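Student: Residue numbers (my numbering), protein chains in the order written: chain U, 1 to 112; chain Z, 1001 to 1111.
The hints are simulated quantities; they were obtained by calculation from the structure and are not laboratory data. As the structure is a prediction and not an experimental result, all values here were calculated from the model. Where a beta carbon is used, it is the ideal one built from N, C-alpha and C, also for glycine. Some hints could be false.
[To be verified] With a Cα cut of at most 25 Å, we get these calculated DSS-like pairs of lysine-lysine:
hint	chain 1	residue 1	chain 2	residue 2
1	U	Lys-78	U	Lys-42
2	U	Lys-42	Z	Lys-1040
3	U	Lys-42	Z	Lys-1022
4	Z	Lys-1036	U	Lys-99
5	Z	Lys-1019	Z	Lys-1036
6	Z	Lys-1052	Z	Lys-1022
7	Z	Lys-1071	Z	Lys-1040
8	U	Lys-69	U	Lys-42
9	U	Lys-57	Z	Lys-1022
10	U	Lys-42	Z	Lys-1044
11	Z	Lys-1009	Z	Lys-1044
12	U	Lys-42	Z	Lys-1036
13	U	Lys-99	Z	Lys-1052
14	Z	Lys-1067	U	Lys-99
15	U	Lys-99	Z	Lys-1022
16	U	Lys-69	Z	Lys-1009
17	U	Lys-57	U	Lys-42
18	U	Lys-99	Z	Lys-1041
19	U	Lys-78	U	Lys-59
20	Z	Lys-1019	U	Lys-58
21	U	Lys-42	Z	Lys-1041
[Stated by the list, open to error] Just some of the chain Z residues that point at chain U, by a computed CB distance under 10 Å:
hint	residue
22	Lys-1052
23	Glu-1058
24	Ala-1092
25	Gln-1100
26	Gly-1105
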Amino acid sequence: ILNVEQSPQSLHVQEGDSTNFTCSFPSSNFYALHWYRWETAKSPEALFVMTLNGDEKKKGRISATLNTKEGYSYLYIKGSQPEDSATYLCAFGTGTASKLTFGTGTRLQVTL
Amino acid sequence: DTAVSQTPKYLVTQMGNDKSIKCEQNLGHDTMYWYKQDSKKFLKIMFSYNNKELIINETVPNRFSPKSPDKAHLNLHINSLELGDSAVYFCASSLRDQPQHFGDGTRLSIL
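Between the sequences and the hints, there should be enough to build the whole structure, so can you do that?
Tutor: Shown next, in the form of structure tokens:
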């Protein structure tokens, strides 16, 4: 059983704060690490797919880094806005590339 | 212009019934998936098809049977529904190992 853990479980920040969360995954048999953003009453939306150790990806105010040797990825949000409020999921892909094991997510709430 | 659409959105039925959930994608993807979101909010893979061929078949009761008539469709048929089948089921699609695009989910409630 693959263990993909995310921390913290939930986070409450104020508008303008920068924040980050962690995704931990097995360091062996790594293929890819996905990040998704999941707003309430909507479906998960892809943010990043990272495959190489040391990868850094950026999309607007959101960025992510990847360390496959130690088995973790960080997601950063700079200058949080209320519309960033969502659950952020990471998913670990191994071997058969299409098979993802999801973490339980970090629930972010941004208030004014 | 929904990219991945599932029907129905809500399904309320009695224990023992047989039901189907349909999924269609218009993104030209070659791989489709079914996930179950359990009571702890985990998204767990159930099945995956690539070009109509089953490539992932997790430990799922054989009451669950996926069917992919073509690359754009992946339906899920469930026989003899049980209380424990109550969950939200998500369909997704991708180009092999690229980001997955999800449908809005089907909330299945067993009475």
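Student: Taking the hints in turn, state whether each one holds.
Tutor: Evaluated hints:
1. Lys-78(U) - Lys-42(U): Roughly 23 Å between the alpha carbons, so the hint for Lys-78(U) and Lys-42(U) holds.
2. Lys-42(U) - Lys-1040(Z): With a Cα-Cα distance of about 18 Å, the restraint between Lys-42(U) and Lys-1040(Z) holds, given a limit of 25 Å.
3. Lys-42(U) - Lys-1022(Z): Between Lys-42(U) and Lys-1022(Z) the Cα gap is close to 18 Å, so the pair holds against 25 Å.
4. Lys-1036(Z) - Lys-99(U): The hint holds at about 14 Å.
5. Lys-1019(Z) - Lys-1036(Z): Judged against 25 Å, a Cα distance of about 15 Å means the pair holds.
6. Lys-1052(Z) - Lys-1022(Z): Distance ~15 Å between Lys-1052(Z) and Lys-1022(Z) Cα, so the pair holds.
7. Lys-1071(Z) - Lys-1040(Z): violated, 31 Å
8. Lys-69(U) - Lys-42(U): Outside the cut-off at roughly 34 Å; violated.
9. Lys-57(U) - Lys-1022(Z): Violated, at roughly 34 Å.
10. Lys-42(U) - Lys-1044(Z): With Cα atoms ~17 Å apart, Lys-42(U) and Lys-1044(Z) stay inside 25 Å; holds.
11. Lys-1009(Z) - Lys-1044(Z): Roughly 19 Å separates the two Cα atoms, so the pair holds.
12. Lys-42(U) - Lys-1036(Z): Holds, because 15 Å separates the two Cα atoms, which is no more than 25 Å.
13. Lys-99(U) - Lys-1052(Z): holds, 16 Å
14. Lys-1067(Z) - Lys-99(U): holds, 18 Å
15. Lys-99(U) - Lys-1022(Z): This hinted pair holds, its Cα atoms lying about 21 Å apart.
16. Lys-69(U) - Lys-1009(Z): violated, 41 Å
17. Lys-57(U) - Lys-42(U): Holds, at about 24 Å.
18. Lys-99(U) - Lys-1041(Z): holds, 18 Å
19. Lys-78(U) - Lys-59(U): holds, 11 Å
20. Lys-1019(Z) - Lys-58(U): violated, 42 Å
21. Lys-42(U) - Lys-1041(Z): It holds: about 14 Å lies between the C-alpha atoms, which stays within 25 Å.
22. Lys-1052: Lys-1052(Z) check fails; min Cβ-Cβ to chain U is 14 Å, beyond 10 Å.
23. Glu-1058: holds, 9 Å
24. Ala-1092: holds, 8 Å
25. Gln-1100: At 7 Å from the nearest chain U Cβ, Gln-1100(Z) passes the 10 Å test, so the hint holds.
26. Gly-1105: holds, 6 Å
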